[in-house]
Amino acid sequence: MLSYLISYVIMASTYGVAALALNIQWGFTGLMNFGIGAFYIIGAYTSAILTTPQSAEYVGGFGLPFIVGLIGAAAVSAFVAYLLAFPALRLKGGFFAISMLVISETIRIIVKNEGWLTNGVWGIRGIPKPVRAIVGSDISEYIYLAIALVLLGGVYWLVERGVRSPWGRVLSAIKEDSDTAAMSGKDVWHYKMQSMVFGAAVMGVAGSLYAHYTGFISPESFTPLMATFIVWLMILLGGTGNNKGVVLGAFVVWGVWIGSEFLIDFLPSAMVTKAGFVRMLLMGILLDAILLLRPQGLFGKEKEISTIGD
Amino acid sequence: MADLFVNGIILGSIITLGAIGVTLIADILNFFNFAHGDMFSFGAYMTLFFLGIFPNWGTFPGLTFGPAMIVAALLAMGITAAFALFFDRILFKPLRERGASSLFLALSALGVAFIFRSIIRLVWGPQVQYYSRALQMAKRFPMGITIKPDEFFIVGAAFFLVLVVYLFLKRTKMGKAMRAASDNETLARVTGIDTEKVVIWTWIIAVSLTAAAGILYGIEVQLRPIMGWNILIPIFVAVIVGGVGNLWGALVGGMIIGVAQELLTGVLQNMFNAMNVDVLMSAYKPAVAFVLMIIVLLVRPEGIFGTGE
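Residue numbers (the working numbering), protein chains in the order written: chain A, 2 to 311; chain B, 8 to 316.
None of these hints come from the bench; they were simulated from the model.
All of these numbers come straight from a predicted model, not from anything done at the bench.
Just so you know, not all the hints are guaranteed correct.
To be verified - In the DSSO-like style, the derived pairs of lysine-lysine whose C-alpha atoms are separated by at most 30 Å in a straight line are:
id, chain 1, residue 1, chain 2, residue 2
1, A, 93, A, 176
2, A, 187, A, 93
3, B, 204, B, 100
4, B, 100, A, 176
5, A, 275, A, 113
6, B, 100, A, 93
7, B, 100, B, 183
8, B, 204, B, 177
9, A, 302, B, 100
Please construct the entire structure, taking both the sequences and the accompanying hints into account.
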């Protein structure tokens with residue numbers, strides 16, 4: 002039971018990190034990123050390639066420590082986001098969303114087909130968990146739990162600091178009305194770029210956390226449902242633009258997801274194979290129900306500026 | 008080369024049917040319908056269902072299907088449109104009346120996409136399915152072009168449907184109302200056009216077309232639950248290339264993306280084969296769509312037929 006709980010908290014924290022990242026982009030800047038999976042998968046694979054031992058199947062591995070993988074994941078995700086921002090950020094609203102979707106599907110295809118780089122559909126296994134070799138698998142679970150929580154806390158602190166700074170207020174201004182922000186002399190494009198790159202780096206961190214926890218990644222781990230859609234559900238449930246809310250949203254949605262797995266045990270065996278699709282159906286209905294019944298989410302948007310003049 | 012081009016036209020005519028719907032919804036309902044691809048699949052699977060319950064009425068000479076397919080397709084198009092109207096009533100309409108932004112509507116459409124896809128997987132399972140397992144001999148034409156009789160039907164049916172939609176928009180009163188609503192919704196409403204009726208007709212046309220496209224795709228290739236999600240990308244790109252809100256833009260954009268996907272991946276594959284480089288270019292068709300989209304957005308962001316308003 003305890004191991005279930007640990008596993009739940011680690012995965013929920015991982016998704017919490019991704020949800021905070023989306024909150025930067027969508028919640029505070031209004032960038033509708035339908036391609037979270039792109040940066041999540043890049044982070045996971047970067048970290049896996051950097052930390053696994055030398056392999057004949059794919060590039061590397063380099064056998065480097067976890068922390069290098071983590072930083073590398075953030076750096077490579079950020080760099081790719083930086084390059085993609087040039088064409089993508091010229092687009093507004095739905096066009097941006099479409100381009101991000103196309104980008105993430107393209108990256109998933111590359112991961113799937115370029116076996117020399119990623120080992121293709123077979124994926125990468127044996128991604129090391131930090132200090133496991135020294136302390137054994139039981140204690141390393143606890144340590145990983147601590148790492149996940151510290152990273153979640155760190156990212157939360159960073160995002161909170163960011164959005165409450167002058168920088169964050171410009172992002173909010175851009176979200177509300179980018180023309181007015183531009184007229185006030187703000188370089189809208191650069192701020193959007195920074196928001197996109199910052200968010201992508203954090204998504205890369207989430208990918209790295211995921212890879213080291215499960216120890217095995219393949220293109221199938223990063224379906225649009227599990228890599229993008231579920232994160233959207235988390236921030237919409239928790240409250241777009243509210244950092245506490247989106248972290249809570251991550252824990253609630255992941256709880257529902259895991260909880261529904263227990264229910265599968267009670268299903269007749271003929272239904273078991275289809276249970277995954279029932280969950281997917283529930284997630285779709287939940288998303289639309291939130292948009293319809295409580296568009297502000299559980300918490301709603303918090304004021305991230307001073308209340309002077311309110 | 009020529010054969011790849013022809014394949015591109017076949018694929019392009021299927022993409023066009025999807026793109027017309029996306030462009031109509033984007034223009035009149037003011038959001039990108041991310042559920043369009045899964046409605047495409049739903050139409051194809053509903054047809055499979057009807058084919059299963061119909062008696063065998065034989066096949067058309069030379070084709071792999073017969074009159075049953077036509078009846079099944081029409082029923083499936085109607086049912087898919089009815090589902091879309093149901094979602095409009097319970098979801099999109101309340102959001103619209105609340106004044107939800109186009110991004111909000113796009114997001115709710117993404118939810119609908121997942122609902123459709125999971126229903127398809129629950130009812131029909133995840134495995135690949137076929138309307139007919141009959142093999143068809145391709146007819147040979149000069150320049151190495153090979154075309155199956157089914158493919159003549161696919162392109163013919165697609166162009167017939169485009170023509171029907173064109174005449175509907177041009178000649179009928181509802182078509183004119185739709186064009187008026189797309190130009191200026193407020194003005195349309197004050198001049199007495201029933202905009203809710205316009206919305207209903209937009210859904211009916213857009214969704215029955217994408218269902219038809221799904222069925223044609225099912226005839227040409229096979230049925231998989233993910234097929235609609237995969238084709239959503241070229242459909243969106245066709246709309247962007249052609250320019251949002253333009254029927255001819257959807258047609259030209261659909262053809263360009265269809266041909267570009269087939270030609271580019273095919274030519275590169277031949278090149279890599281000659282160089283003994285081991286890659287599977289056909290997997291990169293969505294990447295071609297991506298490159299094409301970027302080029303258009305950089306060179307002519309409003310699309311070929313767009314007015315850039």
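Cross-check of the supplied hints:
For the given pair, residue 93 of chain A sits about 11 Å from residue 176 of chain A by alpha-carbon distance, which is consistent with the 30 Å threshold. Note on residue 187 of chain A and residue 93 of chain A: the hinted pairing holds, with a Cα-Cα distance of about 17 Å set against a maximum of 30 Å. For the suggested pair residue 204 of chain B and residue 100 of chain B, the alpha carbons sit about 12 Å apart, so the restraint of at most 30 Å is met. In summary, the hint linking residue 100 of chain B to residue 176 of chain A is supported, as the alpha carbons are separated by about 25 Å, within the 30 Å threshold.
For the hint pairing residue 275 of chain A with residue 113 of chain A, the CA-to-CA distance comes to about 25 Å; that is within 30 Å, so the pair holds. Between residue 100 of chain B and residue 93 of chain A the CA atoms are separated by roughly 24 Å; this keeps the pair inside 30 Å, and the hint holds. Our distance criterion of 30 Å between C-alpha atoms is met by residue 100 of chain B and residue 183 of chain B, whose separation comes to about 22 Å. Note on residue 204 of chain B and residue 177 of chain B: the hinted pairing holds, with a Cα-Cα distance of about 17 Å set against a maximum of 30 Å.
For the hint linking residue 302 of chain A to residue 100 of chain B, the alpha-carbon distance of about 24 Å falls within 30 Å, and the restraint holds.
Hint compliance for this structure: every hint is met.
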